[in-house]
Structure formats: C-alpha cells, structure tokens
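Student: Residue numbers (my numbering), protein chains in the order written: chain A, 1 to 229; chain B, 1 to 154.
Check each hint, because a few of them may be wrong.
Claimed, not checked - Heads up, simulated DSSO-like pairs for lysine-lysine below, C-alpha to C-alpha not over 30 Å straight-line:
1) B:LYS29 x A:LYS36
2) B:LYS5 x A:LYS36
3) B:LYS142 x A:LYS177
4) A:LYS142 x B:LYS35
5) B:LYS58 x A:LYS6
6) B:LYS5 x A:LYS141
7) A:LYS36 x B:LYS78
8) B:LYS5 x A:LYS142
9) B:LYS92 x B:LYS5
10) A:LYS141 x B:LYS134
11) B:LYS142 x A:LYS141
12) A:LYS141 x B:LYS78
13) A:LYS142 x B:LYS29
14) A:LYS142 x B:LYS46
15) B:LYS46 x A:LYS36
16) A:LYS226 x B:LYS97
17) B:LYS35 x B:LYS46
18) A:LYS176 x B:LYS46
19) B:LYS120 x A:LYS36
20) B:LYS106 x A:LYS226
21) B:LYS29 x B:LYS58
22) B:LYS92 x A:LYS141
23) A:LYS6 x B:LYS97
24) A:LYS36 x B:LYS106
25) B:LYS92 x B:LYS106
26) A:LYS226 x B:LYS92
27) B:LYS58 x B:LYS92
28) B:LYS92 x A:LYS142
29) B:LYS142 x A:LYS142
30) B:LYS106 x A:LYS6
31) B:LYS78 x B:LYS5
32) B:LYS58 x A:LYS36
33) B:LYS97 x A:LYS141
34) B:LYS29 x A:LYS226
35) B:LYS106 x A:LYS204
36) A:LYS226 x B:LYS78
As the list claims (entries may be wrong) - Heads up, incomplete: computed chain A residues facing chain B, CB under 8 Å, no partners named:
37) GLY38
38) GLN40
39) ILE129
40) THR131
I should point out that these hints are in silico values taken from the structure, not numbers from a laboratory. Glycine residues also receive a C-beta, built at the ideal position from the N, C-alpha and C atoms.
One letter stands for each residue in the lines below.
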Amino acid sequence: MTTEQKMIAVRAWDAPVRVFHWLLILLLGFQVYSAKTGGQAMLWHLYGGYAVLTLILFRLLWGFAGGTHARFADFVAGPSAAWRFAKSLISPRSAYFIGHNPLGGWMVLAMLASLALQAITGLFANDDIATEGPLAVLISKKLSDQMTSLHHWNLWILAALAVLHVVAVFYHRLVKKEDLIQAMFTGVKRLPEEVVAASGTPRKASPWVALVVFAAANAAVFLLVKRPF
Amino acid sequence: MNIGKSMMLATVGFGLAAGIAYEAAAQVKPEVLVKQRKAAMTLIAKYIGPVGAMVQGKIPYDAAVVARNASFAEALSKMPWDGFETSTQNFKETRAKPEIYSNSAKFNAASDSMQTEIGKLAAAARSGDQNAVKAAFGGVGKTCKACHDDFRND
Numbered sequence: 001m002t003t004e005q006k007m008i009a010v011r012a013w014d015a016p017v018r019v020f021h022w023l024l025i026l027l028l029g030f031q032v033y034s035a036k037t038g039g040q041a042m043l044w045h046l047y048g049g050y051a052v053l054t055l056i057l058f059r060l061l062w063g064f065a066g067g068t069h070a071r072f073a074d075f076v077a078g079p080s081a082a083w084r085f086a087k088s089l090i091s092p093r094s095a096y097f098i099g100h101n102p103l104g105g106w107m108v109l110a111m112l113a114s115l116a117l118q119a120i121t122g123l124f125a126n127d128d129i130a131t132e133g134p135l136a137v138l139i140s141k142k143l144s145d146q147m148t149s150l151h152h153w154n155l156w157i158l159a160a161l162a163v164l165h166v167v168a169v170f171y172h173r174l175v176k177k178e179d180l181i182q183a184m185f186t187g188v189k190r191l192p193e194e195v196v197a198a199s200g201t202p203r204k205a206s207p208w209v210a211l212v213v214f215a216a217a218n219a220a221v222f223l224l225v226k227r228p229f
Numbered sequence: 001m002n003i004g005k006s007m008m009l010a011t012v013g014f015g016l017a018a019g020i021a022y023e024a025a026a027q028v029k030p031e032v033l034v035k036q037r038k039a040a041m042t043l044i045a046k047y048i049g050p051v052g053a054m055v056q057g058k059i060p061y062d063a064a065v066v067a068r069n070a071s072f073a074e075a076l077s078k079m080p081w082d083g084f085e086t087s088t089q090n091f092k093e094t095r096a097k098p099e100i101y102s103n104s105a106k107f108n109a110a111s112d113s114m115q116t117e118i119g120k121l122a123a124a125a126r127s128g129d130q131n132a133v134k135a136a137f138g139g140v141g142k143t144c145k146a147c148h149d150d151f152r153n154d
C-alpha cells in the first residue's frame, strides 16, 4: 500500500527548468492574446515569438547541460519502456520517477517540437496586412503563405498537446496522489524512499552554466532576427 | 437623305446600343472576378504595408508617402466587393469561405467597416497628424484581420 511507504522530499526540477516552464506559459498566453487582437499588437506578437524561440533554444541546450532530471538522457526512454509504463498507468501502483516518466518524456519532446515549429514558421509567416516575420523577406510570398498556414494549423496541435499534458497532470494528482503542479513551483517531489535511494546522487546544475546557455540562446535568436551580416 | 436610309441608320444605331447594353449586363467570368478582387486586395496590402512599417517605426516616417498610399488604398477599398458574385462560389483557386454567401449580411458589414477604417486612415493622412495616422492604422489592421479570420481559409 502506498500509505505504508516512507515518503521523502527530493529535488526533481532545477530552477532553470521551473522558470522556463512558467515563463513559457505566460508567453504563450500573451501570444494567443496578441494574435487574436491583431492590429498594432502584431508587433508585440513578433517580440513574444522571439522570446518563445529563446526559451525553446535554452531548453534544448539545457537538456544537455542542465541538472540530472533536466537532461534528455534522463527522460527520453525507448518506445517499449513508454508502452510498459502506459500499461502500468491503469493501476495506481505504477512506477515513480523523480524526473519525467517515460510517457512524460515523449510529451516533452512533442511539445518542444511543436513549439519550435511554431516559432520557426512564425519567423517566415505574414498576415497579408502589414506584419511579417523577420525572415519572410528571404523566401517567396507563396512559401511564406504556406508557413503561415502551418503556423495556424500547428497552433491546434500545440493546444491539443497542452490539454493532454494538463489532463495527465490531473491524472497524477487524482489517481496517483502526486502533486506535480506544486513540484513545478518548488522543484521538490515527495516520493517513496526506495525510489529516491535507487536513483543515486543527482548531478546539480550550475547557475553559471545556466546563465551562459541563456546568453547563448539570446545571442542566437538576436543574430537570426536581426541578421547583421 | 431619304426616309429609308435614316430608318436603316436608326435601326443599326438602336441595335448597337442594345448590343452594348447587353454586353454590360453579360456576366463577367468567375475567374476574372476572382482575379479582380485578389488584385484589389493585393494592391491594398501593397500600399498599406509601408504605412504599417512606418507606424511601427521599422522604416522612417514619410508623410507624403503615407498620404499618397492611404488615398490609393481608400480608392482600392471600394473595388474588391463586386467581385464576390455568387458565380464564383464554386471556383477552386480562392480562399474565400462559403460564409461570404451564406452570411452575406455579416460579410457586407465587414466590407463596410473596412472601407470606413481605410477612409479614416486616408483622412488622418491628409491632416498630416502622425498620431492620428497611427491610431487609424490600428483600426485598419483590426478590420482586415476580423474579415480574414471569418471569411478566408487558411
């Protein structure tokens, strides 16, 4: 029984992962709002897009340079592991993970891919009024229109992934009694002692590395948007 | 000139007049109508675009260009609408949604709003008031977008 297990606190998410997560949500809300408003707000939609692209780039790099559970190597599981975990989900006794579980890992990749697609197509998109992405000048109008279509359709894929993500979080809360929302704020999960003991000492993230990676992501987006060369 | 000759001339003249009237009433082919409204929209975007870039500070503000472009756009804003005849409904190469014809009241209101907003932009541009141009431009962008969202396929 879960009640017999001794639960201990363990650090799951480093600060950069948490800041990335909540900042991304705020920015996506702003992006939907500015796109729906249109008119002069489109200028801010572009700025918001650059910020989202910076965050995505940061998260991709952080997946290699971050703390243990921020790394892709920690949570990208093979399809058979994901399938086994999916089957076990029906029971509340399914396995615990400090970082992402095998299905959650795939969800992270799917969301990052969809977000990257959204940000990149946005760079080349146009609204047929007075706004176009900073790289739209490099391609034909026809291709830019196709990018715009993709930008619009992918929004629904992104929304569907987000809904699935939230449903999964509530499933964990209601069925497995795991409060993942709180963990994403505090960085701390409460898990059975043996799960924590089995995972060994986690590698801590360096705030300096985070700063360097963030600066690199900013510089890359700046160069892409401004194209000073 | 005898009676017979003038009668003949009158008949030919009448016939020609009738022919011209018939030509005017004859239907313009759907592909021409679609081309017409796309051309009008393309030109509107072409002349509005630089005004937007100036309002957003991407390129230096040039009051003379703004005034000229806005007056072009004002005239053009009246031109797409008679291209949306029902004969174009089944024409493939258009992103026009069927709602244009099933909800024509709303579509007409949208087209009126677009002409009003571009008219305001042209008036602001004539006045030379840069802030008024900026405000009016926001309205133009919104009316374009509202109609595209409702009546144009992605």
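Student: Would you mind marking each hint as holding or not holding in the structure?
Tutor: Evaluation of the provided hints:
no.: 1; hint: B:LYS29 x A:LYS36; verdict: violated, 36 Å
no.: 2; hint: B:LYS5 x A:LYS36; verdict: violated, 71 Å
no.: 3; hint: B:LYS142 x A:LYS177; verdict: violated, 47 Å
no.: 4; hint: A:LYS142 x B:LYS35; verdict: holds, 16 Å
no.: 5; hint: B:LYS58 x A:LYS6; verdict: violated, 61 Å
no.: 6; hint: B:LYS5 x A:LYS141; verdict: violated, 61 Å
no.: 7; hint: A:LYS36 x B:LYS78; verdict: holds, 26 Å
no.: 8; hint: B:LYS5 x A:LYS142; verdict: violated, 61 Å
no.: 9; hint: B:LYS92 x B:LYS5; verdict: violated, 52 Å
no.: 10; hint: A:LYS141 x B:LYS134; verdict: holds, 26 Å
no.: 11; hint: B:LYS142 x A:LYS141; verdict: holds, 22 Å
no.: 12; hint: A:LYS141 x B:LYS78; verdict: holds, 25 Å
no.: 13; hint: A:LYS142 x B:LYS29; verdict: holds, 25 Å
no.: 14; hint: A:LYS142 x B:LYS46; verdict: holds, 15 Å
no.: 15; hint: B:LYS46 x A:LYS36; verdict: holds, 23 Å
no.: 16; hint: A:LYS226 x B:LYS97; verdict: violated, 37 Å
no.: 17; hint: B:LYS35 x B:LYS46; verdict: holds, 16 Å
no.: 18; hint: A:LYS176 x B:LYS46; verdict: violated, 58 Å
no.: 19; hint: B:LYS120 x A:LYS36; verdict: holds, 23 Å
no.: 20; hint: B:LYS106 x A:LYS226; verdict: violated, 41 Å
no.: 21; hint: B:LYS29 x B:LYS58; verdict: violated, 41 Å
no.: 22; hint: B:LYS92 x A:LYS141; verdict: holds, 20 Å
no.: 23; hint: A:LYS6 x B:LYS97; verdict: violated, 61 Å
no.: 24; hint: A:LYS36 x B:LYS106; verdict: holds, 19 Å
no.: 25; hint: B:LYS92 x B:LYS106; verdict: holds, 23 Å
no.: 26; hint: A:LYS226 x B:LYS92; verdict: violated, 39 Å
no.: 27; hint: B:LYS58 x B:LYS92; verdict: violated, 37 Å
no.: 28; hint: B:LYS92 x A:LYS142; verdict: holds, 17 Å
no.: 29; hint: B:LYS142 x A:LYS142; verdict: holds, 23 Å
no.: 30; hint: B:LYS106 x A:LYS6; verdict: violated, 64 Å
no.: 31; hint: B:LYS78 x B:LYS5; verdict: violated, 46 Å
no.: 32; hint: B:LYS58 x A:LYS36; verdict: holds, 22 Å
no.: 33; hint: B:LYS97 x A:LYS141; verdict: holds, 21 Å
no.: 34; hint: B:LYS29 x A:LYS226; verdict: violated, 46 Å
no.: 35; hint: B:LYS106 x A:LYS204; verdict: violated, 59 Å
no.: 36; hint: A:LYS226 x B:LYS78; verdict: violated, 37 Å
no.: 37; hint: GLY38; verdict: holds, 4 Å
no.: 38; hint: GLN40; verdict: holds, 5 Å
no.: 39; hint: ILE129; verdict: holds, 4 Å
no.: 40; hint: THR131; verdict: holds, 7 Å
The earlier numbered hints that this structure contradicts are 1, 2, 3, 5, 6, 8, 9, 16, 18, 20, 21, 23, 26, 27, 30, 31, 34, 35, 36.
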